Structure formats: C-alpha cells, structure tokens
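Undergrad: Line by line, the protein sequences are chains X and R.
Numbering-wise (the working numbering), the first sequence opens with residue 1 and increments by one.
Numbering-wise (the working numbering), the second sequence opens with residue 1 and increments by one.
The hints are simulated quantities; they were obtained by calculation from the structure and are not laboratory data.
Since we're looking at a predicted model, the values are computed, not measured.
In this text, a Cβ means the ideal position worked out from N, Cα and C, and glycines have one as well.
Heads up, some of the hints might be wrong.
To be verified - Residues from chain R that face chain X, not an exhaustive set, calculated with beta carbons under 7 Å: (1) S31; (2) N50; (3) P54; (4) I55; (5) G104.
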Amino acid sequence: AQSVAQPEDQVNVAEGNPLTVKCTYSVSGNPYLFWYVQYPNRGLQFLLKYITGDNLVKGSYGFEAEFNKSQTSFHLKKPSALVSDSALYFCAVRDMFSGGYNKLIFGAGTRLAVHP
Amino acid sequence: DAGVIQSPRHEVTEMGQEVTLRCKPISGHNSLFWYRQTMMRGLELLIYFNNNVPIDDSGMPEDRFSAKMPNASFSTLKIQPSEPRDSAVYFCASSPPDLEQFFGPGTRLTVL
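Same shape as in the complex, but just chain R:
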C-alpha cells in the first residue's frame, strides 16, 4: 500500500501565479480531506469530500482557493492567484468508513 500520495512535495512560485496541488487517496477510502499547516495557525481543515462530493468547504480561506475531486482516486487544490501568506504545508488525508484519517507527506508551498 503506497499510502496517500501528494505532488509536488515542494513548490516555489511567485506571487500571482496559479498553484495546483495534487492528491491520490488510498484506494477504497471514501473520504478525502485537505489541510493547511502553518506555525501561526497550526493545522486547519480547508475542505473535505465524501464519495467525491464536497461536503464542507467552510475552511477555504478565500475565493482564490478551490478544490475538486473528479474521481475516487484524484483530488486537486488550486490557488489562483497565489500570495505570500499562502505559504504553508498542505496536507491531504483520506479515510475509510471506519474513521481514522491517513495523511500524505504534504506539499511545502513557498510563495515569493
């Protein structure tokens, strides 16, 4: 089992550019979660999906952020346009119906 896969692992971009983060959940897991982690704000839940349907996006900070899950094996988190304050580590996690969430290794985003 490869676990949750995230790409890229590191992303450095300039302010104003579009950033797309990718996640492949563990096969058979029906829930997918996107988190952001910073020193200042800790771990924040941005959005989560169940059976590919967005359930709660109240954690998405602004309209510049969007997420999709076109199928059970792929999700994206997009930031357009990016800003320096978006610099953080972004985690994707998936879970099966019996509760634990399994986290990916994260994408470290730096916006210059």
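Next up, chain X with everything else stripped away, as it sits in the complex:
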C-alpha cells in the first residue's frame, strides 16, 4: 500500500539553528513528492516538490528537501530557522494508482516550533 510517514509529531528547534522535518514514503515506481506548510487558521501552502532530476530541491521561504531513493526519504530542511517558520508541515506523495489524477497521499503532519 502507498503511504507517507512523518515520524515526529513535533520538532523543536532554536532560532538560528538548522532544522529538519522527516518524511519517508512507500510507493510503487518513481515518486512525486511534495511539502506543504499550514500556518494557524490558514489553508495548506505549497512549499516544494520533487518530480525528477536533482535530488536536492529548493523551495519557498529558504526551505529545501533532499530526495533519497535508497532510504525512501524526502526530508525537509532549512539552514537557519526563524520563529516565523513555526507551523504544521505536511509531506505528500502522488497516488500512483489514481489514474493520472493529481490525488495526493498526505502524512499526518509535523508541528515545528521554533523558539527565540
């Protein structure tokens, strides 16, 4: 079965330190992977995606993610965290059995708390 796992419910990091939000996936074939961020009382916002090509993907707000096929991971990273990065982060993978439609399978979400 296809799935996305975000093993940490919450990640705490001090402002200015690097952050990593973990994501692993299980799909057939080559995955299409996404990260979204949700700020309080807002909808999900697209951050970045991996379809093919360079394993390091750069996205909005200084975030990047590294695709690792052997470890089936797509961890979200940022070199220097900001308090304003505090939010709920979702990893998602395209459902490869959805007949070409853009259906996504979302992880449970990881709450990132950046402390001053």
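Given chain X, work out where chain R should sit, using these hints.
TA: Just chain R, lined up with the frame of chain X:
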C-alpha cells in the same frame, strides 16, 4: 490571481440543519478536491473531481455528505442533516494538469 475561494469562512449551525459549503477553484485548473481536517483524524480526502466529473468519493463519510461540480468554476459540499461530529475545517483545493494542489483558506464548521 485570487486563489481558491471558499465560502463561508465560518459556519455555525444546529444539529439537523443542512449545511452547504462552496468553492471556486483557480481558473484553468481541471481537478478539484474536498478535504476535512480535524485534530483527531488529521487531513482526510473526501472526494475529488476531474473536468467536473466525480472520480473518487470513497472518502465521503456517510450518505449525509454529497458534493457537486456543475461547472468548472464552482463546487459545493453539502451535509444534510448535520451532526456535531461533522464539526471540522473543510478545505477545497484545485490543481492544474502539472500536479500541485492549491488550497483554499477553509471553512470552519461548528455543529451545535
């Protein structure tokens, strides 16, 4: 670009009442998705459309829930009758053929 538009943003109703949530997707997007988000169950996909046709409604929790997309610029999610356990934030998202989904701001539904 106004993004995905949802209305109302907040809805408070009493148990047994009919609730209709509305969504206007981004122009040119051919797929539309309805999600529900709760603390207990997280983000759940309810139903999605492609070119106005429902593709998969397996996530719709009960027959009390129904969704329509009469044209490319409008979709509704209806709950009749509503129950307190339907209280949640309902999101609409749309996507173009090249994959990313764009989410609306959501409708916060409270059923008393």
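Undergrad: Please go over all the hints and tell whether each is borne out by the structure.
TA: Here is how each hint holds up against the structure:
no.: 1; hint: S31; verdict: holds, 5 Å
no.: 2; hint: N50; verdict: holds, 5 Å
no.: 3; hint: P54; verdict: violated, 11 Å
no.: 4; hint: I55; verdict: holds, 6 Å
no.: 5; hint: G104; verdict: holds, 5 Å
Of the numbered hints given earlier, the model fails hint 3 alone.
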